[in-house]
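Protein chains: 2
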Amino acid sequence: MNSYPSKLIENAVNEIAKLPGIGRKTALRLALHLLKSKEENTFSLTNALTDLRTQTRYCKQCHNISDEEICGICQSARRDRTLLCVVENIPDVMAIENTGQYFGQYHVLGGIISPMAGISPSDLHIDSLIERVQHNEIKEVILALSSTMEADTTSFYIQKKLKPLNVKISVIARGIPVGGELEYADEITLGRSIQGRISAE
Amino acid sequence: MNSYPSKLIENAVNEIAKLPGIGRKTALRLALHLLKSKEENTFSLTNALTDLRTQTRYCKQCHNISDEEICGICQSARRDRTLLCVVENIPDVMAIENTGQYFGQYHVLGGIISPMAGISPSDLHIDSLIERVQHNEIKEVILALSSTMEADTTSFYIQKKLKPLNVKISVIARGIPVGGELEYADEITLGRSIQGRISAE
Numbered sequence: 001m002n003s004y005p006s007k008l009i010e011n012a013v014n015e016i017a018k019l020p021g022i023g024r025k026t027a028l029r030l031a032l033h034l035l036k037s038k039e040e041n042t043f044s045l046t047n048a049l050t051d052l053r054t055q056t057r058y059c060k061q062c063h064n065i066s067d068e069e070i071c072g073i074c075q076s077a078r079r080d081r082t083l084l085c086v087v088e089n090i091p092d093v094m095a096i097e098n099t100g101q102y103f104g105q106y107h108v109l110g111g112i113i114s115p116m117a118g119i120s121p122s123d124l125h126i127d128s129l130i131e132r133v134q135h136n137e138i139k140e141v142i143l144a145l146s147s148t149m150e151a152d153t154t155s156f157y158i159q160k161k162l163k164p165l166n167v168k169i170s171v172i173a174r175g176i177p178v179g180g181e182l183e184y185a186d187e188i189t190l191g192r193s194i195q196g197r198i199s200a201e
Numbered sequence: 001m002n003s004y005p006s007k008l009i010e011n012a013v014n015e016i017a018k019l020p021g022i023g024r025k026t027a028l029r030l031a032l033h034l035l036k037s038k039e040e041n042t043f044s045l046t047n048a049l050t051d052l053r054t055q056t057r058y059c060k061q062c063h064n065i066s067d068e069e070i071c072g073i074c075q076s077a078r079r080d081r082t083l084l085c086v087v088e089n090i091p092d093v094m095a096i097e098n099t100g101q102y103f104g105q106y107h108v109l110g111g112i113i114s115p116m117a118g119i120s121p122s123d124l125h126i127d128s129l130i131e132r133v134q135h136n137e138i139k140e141v142i143l144a145l146s147s148t149m150e151a152d153t154t155s156f157y158i159q160k161k162l163k164p165l166n167v168k169i170s171v172i173a174r175g176i177p178v179g180g181e182l183e184y185a186d187e188i189t190l191g192r193s194i195q196g197r198i199s200a201e
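Residue numbers (full-length UniProt numbering), protein chains in the order written: chain F, 1 to 201; chain E, 1 to 201.
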């Protein structure tokens, strides 16, 4: 698709195709869809995106997206303020919230340590995590990071920093996914699930 | 994903997910991508979409998208003005242009006759097609519509309308796709490819 009938559509396709996972064919389909549907639809889309980008605020305490200075989870009296779950990013908070299994607070790092991508500990919200643990009555920090090399590095770095503060540190369980079959699990996962076995009583 | 951390992101996800083929998970990923990238990126996207929707014009002659009153293809002296290719929609023009095999002009119907979707001949650019054939020296009209029931109905309707004008009418060939294997072709396609066989000399 290299011959666009107008500069306007070419420009729109170029911009839409910059979004992750959207190619030029899909971008063209979306642009033509907007052209065919009511003008208001395009305006409510562009307004929502502009508002999102210009007005979004981040919770001063946990760095999650928030409508106010302190987010709903941090403000809530129902959440256990002695329990802190450390995650990489905002979708991780949403994923854990959707499990309905966690009632403590969060701390969003905003990424993981990655020398390859030029992300060092100072680029992440690690200092504010340490401060938060120092100045609040926090009994347990749960590290809920992915299971990759870089996430493990980040995990170890945070554990080292937290050690002097005498707080309980835990890591989410690695093992066979629920519904997963043993024979198809990779060896490392299976090994971890045996190491991390729990009492069946 | 039902617990969004802010109204702004919820609103943006709702709007993005209205686009065809984009679900709520993808919409969230796109919204978070915009939040992470520079403000300018969001602005150039929203500006491109607004410009597309408010400033796009259509060629008065062929109804293709155009930057000017008459599109580049209709204006071009290099295109054969006695040859007219009738297509359903704008992407079809682009697809045929990309083949590099066609050097005539186009006529975009803007859809096909579909009683189920409430689209009647008067909703399409059929009258302007007839007028165009009447008032210009057009020797051949090529019907390049899809191979569906509704497209066939549209094709027959146009043929009936064009008949009194004594213009040559042709239909693009139906048959085995290039690179396609005979044994996997459906019976109707194979039947059509035999009926429509051409001399191999």
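Hints may contain errors.
The calculated DMTMM-like cross-link candidates involving lysine to aspartate or glutamate, where the alpha carbons are at most 25 Å apart (straight line), are [stated by the list, open to error]:
1. 36/F to 127/E
2. 38/F to 80/E
3. 7/F to 127/E
Cβ-Cβ distance ranges computed for the label pairs, FRET-style [what the hints assert, rightly or not]:
4. 100/E to 60/F: 57 to 67 Å
5. 40/F to 174/E: 33 to 43 Å
6. 181/E to 33/F: 26 to 36 Å
7. 51/F to 182/E: 31 to 41 Å
8. 40/F to 57/E: 11 to 21 Å
Output of the computed footprint for chain F on chain E, the stretches with three or more beta carbons under 8 Å from beta carbons of chain F [to be verified]:
9. 4-17
10. 25-35
11. 85-93
12. 157-170
Treat the hints as calculated values from the structure; they're not laboratory data. Even for Gly, the Cβ is constructed at its ideal location relative to N, Cα and C.
Here's how the hints hold up against the structure:
For the proposed pair residue 36/F and residue 127/E, the alpha carbon gap of about 21 Å is at most 25 Å, so the pair holds. This hinted pair does not check out: residue 38/F and residue 80/E have alpha carbons roughly 35 Å apart, beyond 25 Å. With a C-alpha separation of about 28 Å, the suggested pair residue 7/F and residue 127/E falls outside the 25 Å cut-off, and the hint is violated. Between residue 100/E and residue 60/F the beta carbon distance is about 59 Å. The supplied range of 57 to 67 Å therefore holds.
At roughly 40 Å, the beta-carbon separation of residue 40/F and residue 174/E lies within the given 33 to 43 Å, and the hint holds. At roughly 34 Å, the beta-carbon separation of residue 181/E and residue 33/F lies within the given 26 to 36 Å, and the hint holds. Distance hint check: the CB atoms of residue 51/F and residue 182/E are about 56 Å apart, inconsistent with the given range 31 to 41 Å. A hinted range of 11 to 21 Å holds for the C-beta pair residue 40/F and residue 57/E, which are about 20 Å apart.
By the rule of at least three residues with a Cβ nearer than 8 Å to a Cβ of chain F, the coverage given for the segment 4-17 of chain E holds, with 11 such residues. Under a criterion of three residues with beta carbons nearer than 8 Å to beta carbons of chain F, the stated coverage of the segment 25-35 of chain E is upheld, 9 such residues being counted. Proximity of the segment 85-93 of chain E to chain F, defined as three or more residues with a beta carbon under 8 Å from a beta carbon of that chain, is established by the 4 residues found. Counting residues of the segment 157-170 of chain E whose beta-carbon sits less than 8 Å from any beta-carbon of chain F gives 0, not enough to reach three: the coverage restraint is violated.
Consistency note: the structure conflicts with the earlier hints numbered 2, 3, 7 and 12.
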